[in-house]
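Dock chains H, Y and B against chain X, hints included.
There are 4 protein chains.
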Amino acid sequence: MLGIALLGSGRMAHVYGPKINAHPGMRLVTIFNPNLQSAQRATADYGGKAENALDKVLADPDVDAIVIATPTDTHLEYVEACAKAGKPIYCEKPLDQSLERVDRCLNALAAHPVPFMLGFNRRFDPDNSALQAAVRNGDIGDLTFLMSWSREPAPPPIDYVRRSGGYFVDATIHDIDLLCWIAGEKPDEVYATGSCLFDPQIGQEGDVDATMTILKMPSGCMAHVNNSRSCAYGFDQRLEAFGRTGMLQTKNLRDDNLIRWDSDRTEAAMPLKHFFLERYDASFFHALDEFHKAIIEGRPPSSTAHDGRDALAIALACDRSRLEGRAIRPDYL
Amino acid sequence: MLGIALLGSGRMAHVYGPKINAHPGMRLVTIFNPNLQSAQRATADYGGKAENALDKVLADPDVDAIVIATPTDTHLEYVEACAKAGKPIYCEKPLDQSLERVDRCLNALAAHPVPFMLGFNRRFDPDNSALQAAVRNGDIGDLTFLMSWSREPAPPPIDYVRRSGGYFVDATIHDIDLLCWIAGEKPDEVYATGSCLFDPQIGQEGDVDATMTILKMPSGCMAHVNNSRSCAYGFDQRLEAFGRTGMLQTKNLRDDNLIRWDSDRTEAAMPLKHFFLERYDASFFHALDEFHKAIIEGRPPSSTAHDGRDALAIALACDRSRLEGRAIRPDYL
Amino acid sequence: MLGIALLGSGRMAHVYGPKINAHPGMRLVTIFNPNLQSAQRATADYGGKAENALDKVLADPDVDAIVIATPTDTHLEYVEACAKAGKPIYCEKPLDQSLERVDRCLNALAAHPVPFMLGFNRRFDPDNSALQAAVRNGDIGDLTFLMSWSREPAPPPIDYVRRSGGYFVDATIHDIDLLCWIAGEKPDEVYATGSCLFDPQIGQEGDVDATMTILKMPSGCMAHVNNSRSCAYGFDQRLEAFGRTGMLQTKNLRDDNLIRWDSDRTEAAMPLKHFFLERYDASFFHALDEFHKAIIEGRPPSSTAHDGRDALAIALACDRSRLEGRAIRPDYL
Amino acid sequence: MLGIALLGSGRMAHVYGPKINAHPGMRLVTIFNPNLQSAQRATADYGGKAENALDKVLADPDVDAIVIATPTDTHLEYVEACAKAGKPIYCEKPLDQSLERVDRCLNALAAHPVPFMLGFNRRFDPDNSALQAAVRNGDIGDLTFLMSWSREPAPPPIDYVRRSGGYFVDATIHDIDLLCWIAGEKPDEVYATGSCLFDPQIGQEGDVDATMTILKMPSGCMAHVNNSRSCAYGFDQRLEAFGRTGMLQTKNLRDDNLIRWDSDRTEAAMPLKHFFLERYDASFFHALDEFHKAIIEGRPPSSTAHDGRDALAIALACDRSRLEGRAIRPDYL
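Residue numbers (the working numbering), protein chains in the order written: chain X, 491 to 823; chain H, 491 to 823; chain Y, 491 to 823; chain B, 491 to 823.
Chain X on its own, in the form it takes in the complex (with noise of 0.2 Å):
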């Protein structure tokens, strides 16, 4: 029975607490918040000690392992402290927007090499991991083109996209770090362009609403990703490869199965009404298993914070790409 600390009592906070206690390998010994009443809310909730002060939880013999689920400005002073006290972490990504802070952050793992995870999720669907799977078992051949759609339901307020370090970095990051796990390799170039089309003041922002991108793989492999923050049937989340031998998709998931004919249309499904935190709950067990799965097993989590470097490498790369027109070879360690 791992001993878990989350760090964080907010949204996030509240996605992980419940998958820790249905974890059978895993119990919530304490929920950290600097705010102790956020906290105390959290474990009135989930069960657990609120706790304010994380050199106590650090210190705690019963916390074995560590759940950063706070804002991404703090993840950096977190996974540091946490390292330090030899704890193996799980981190809600992204580990920072900024590239010199994801490098402090690999330093700080590399002086002290506790276990790592990185969350990201969507590596952890069931039909992401059985596309990736089957790929990389041959299922295929040799990969021509990958393929990723991820089209929100509605722009976010426009202070979230102030904060979100721009549409690449913000979204595209995801679809970057599933097509590169898929491929098994990362982009030598990528091209990207991008309109506002949906929330004008997404532009003003300097920001845009629909992107489209092109990541070029050192086999010849191309990948495309297509990005909007709205689209009127909902959360469009897809994914194609396509190799020598064959091609693999994945279709949305649904509240429910049914089929609906009437006289106005036939052969019919509802809109997809979840975001991602219904339509990828499943993914977030999934990875915390991963994450026990590894600390059990002694080896190092399959999603790593090198991966989350390089995913922001690429985006970042991306929206250079965007705003120069022309293809930009990412900024690898």
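Rather than coming from a laboratory, the hints here were simulated on the basis of the structure.
Do not take every clue at face value.
Identical chains blur together in the list; that is why a pair holds if it fits in one copy or across any two.
[What the hints assert, rightly or not] Dumping the calculated DSS-like pairs for lysine-lysine here, alpha-carbon to alpha-carbon at most 27 Å:
#1 Lys763 <-> Lys546
#2 Lys783 <-> Lys577
#3 Lys783 <-> Lys509
#4 Lys763 <-> Lys741
#5 Lys574 <-> Lys763
#6 Lys509 <-> Lys546
#7 Lys539 <-> Lys763
All values reported here derive from a predicted model rather than from experimental measurement.
Frame of chain X; chains H, Y and B shown alone:
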């Protein structure tokens, strides 16, 4: 080039006229109707001579074969005359609504053995014939279940219902012929039940507008038919064949193959707006082509007068089963 | 928190044990088996006390409700004892294979009216319940046709067949319950036919391994069931509801939602490798949850002992119809 | 009845010959080829006079319009001659592989303004034209993304590749024309990248056999094309249009619409065994019909010489983008 005399200039003649013209091995020589003006209106559209004397048509050396597309109650008279004249006959189904009159047709054809084809056009629909070919080829092994859906967009006029011979003889007979043809056998016994759920006038005539039927084959294979005189989303036509090693299904044909996603319905197609003349348009051409090929190749056409008698005997047994509440053995020859 | 005593420690108990543990409003207090060692092996997996004396279980003040997951022929005895003890009962279906013994259960429950739920778990499958809710909500208008497909991957051992009560009582009873529940009515009469096409031993027992059934409802709605003890592509479970204004269909659930294209087959899914425990895994949890909710809310559970008697009466009528070749009125109370 | 002279008696002439004959408003007057024997072999199949002197063809009063189906490098000469003779022209695409020679065509047509139609047949595929009509009709609101998949079953002979003008000019040009026609605008700039993954000989020629392309439209709409010279499951042709209020997709056309289930794969279709002549067979007829209608109605055909120039300019810009690694503005007039 086969010279064709088309008997009839009503609705079905307007189906066959253009198809005879489009067939590279047929030419339309004559259109016959006792009402000469009606025949002339049809020749204005499709060419050929208009004629109201059947003996002249049958004596014309340019007439190599006959297509009978007249009202059902005239089929017997014309088949007898054409057979006596030694002309190959394509006759629109049904031969007749009465087993006794069908048997007179069979006797006439036995006395004057000309190539004879009954126009069970749905066999010649490309998807239906692909399914039959796959089943006969053993693609799914010995059959366990066959299922046929045939639901019409809207009830016909009550006058049509009165003259129809009842729902089983009018409509289920198509499914019966298809299923026996696919199975390669005809049922030992049938059970059918029905309701009047759409048009109370149909019930007042003692008929039904929704039925379920089971055909039990000598091999043990069971076939199900469901028929409805009304269908909110259009003309629904499907088959399913379940065998020892697999299953085959046909889908509805559509005007276009667009898949539509919007805020109401996703992955949707449009309703099935066509009725049988449009839905089975290609099948009439392929049926004529089988007639043509059989004559050229000197072999009997694949859809015979006996097939028509069998289907009628089964449909009549369904009607009796509905009234008696028990399985009935059809009155085969 | 409802304290649960689980009667039985065989296969079905291993289905319910983990689901009781996973339910936030239930805790497993006791596992009962006359064979104490078997009960102890189960408590090693799921916790709780092992017990082999039923009176002690029923006297335990920590036991708020009973889940009966013992062999069918013991249900009557345990239901009578639990009802007498005033404990709410969830009983795995069927209540019994004999109408006479089912009626004794009903009498016991009438004499000692405790909350009682029969485990017709397939109602609680998310897709089945979404279809039922849509139908009851009038989404497709008055029903014309209902259809249920239930085809099993492979025939059971012949010993199982011998004790099964016949194919209709063993298997069709599930489809019967679903269809009556969806339709909101039970049939005036039923017709069924069957064949032995897969396992000749089943035929030697006088039973069949493939059946087609029609249920005729008082409203005129007709329901079709097809059942098969063998299915080349796995466990095929589908429903179709056709009403005045539209149609609803359920699709088979799958392990993954990948669509596969290669040089042999395109747009393909994998076979349906699961059998009922995996396919309906979620439904057992949802069924327990309904039991829990009904107790908490002080209302009768939605799946009643009378529903079980009706389904059995209908299944027995199917069997008789098969033997007599005519429509049979079920022996309702 | 429009008298047609068909220039050419090679592969494309064998596509157009039967379609001219099948068109109720056209008759084939002449087949021209400088090699008279080749023309005679074609007239043996399709009728009409064989001719090897173009001036005689153009002087023939029975010739109302010209269909040019000769090798690409002869188009310019024949277009100039036919325009000078005042004959309406249908010209197989591309006009030419060189912008300079295309401009000479445009000049000839400006000097002698005859009805001119470029044979962008894929616009006339029923599903493509249904999608375009729905988009132009506003069914999905302002466009955000357009996507086109065009994957060929197998690489062409290397001699074909050498004469093809490169993969973008040879193949992507089709997708480019479709996407601009659907969008109703042409790109400000394009980015393209490619790999040689299937046939190393293609790489040795400096060409690629797999490409990804992005077209950025003035409205902000972005279009993606992926092309491959090889595809394990056949000739894959799909479109997706994503707009403010919905999405439209086309599916691949198939030989039959059977859905196959067995122990290997379920809900499967067969591979897409056809290549473009079979897949787009109907589109050639519909394209000729548009040519016919435009002449009869006295309006310009919908697929113009300028459309051909635009598509070529865009394809050439794609090629340059691939070599220079940056977005390129096409060289429009």
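Hint check:
Proximity of Lys763 to Lys546 under the C-alpha cut-off of 27 Å is found in neither arrangement, the shortest distances being 42 Å within a copy and 50 Å between copies. Taking the shortest Cα distances, Lys783 and Lys577 sit within 27 Å of each other inside one copy (15 Å), while across copies they are farther apart (42 Å). When the C-alpha separation of Lys783 and Lys509 is checked against a cutoff of 27 Å, the pair qualifies both within a copy, at 15 Å, and between copies, at 23 Å. Both within a single protomer and between protomers do Lys763 and Lys741 lie at most 27 Å apart by alpha-carbon distance, with minima of 15 Å and 20 Å respectively.
In this homomeric assembly, Lys574 and Lys763 never come within 27 Å of each other (Cα to Cα): the closest approach is 43 Å inside a single copy and 48 Å across copies. In this homomeric assembly, Lys509 and Lys546 come within 27 Å of each other (Cα to Cα) only inside a single copy, at 24 Å, whereas the closest approach across copies is 36 Å. Neither within a single protomer nor between protomers do Lys539 and Lys763 lie at most 27 Å apart by alpha-carbon distance, with minima of 36 Å and 44 Å respectively.
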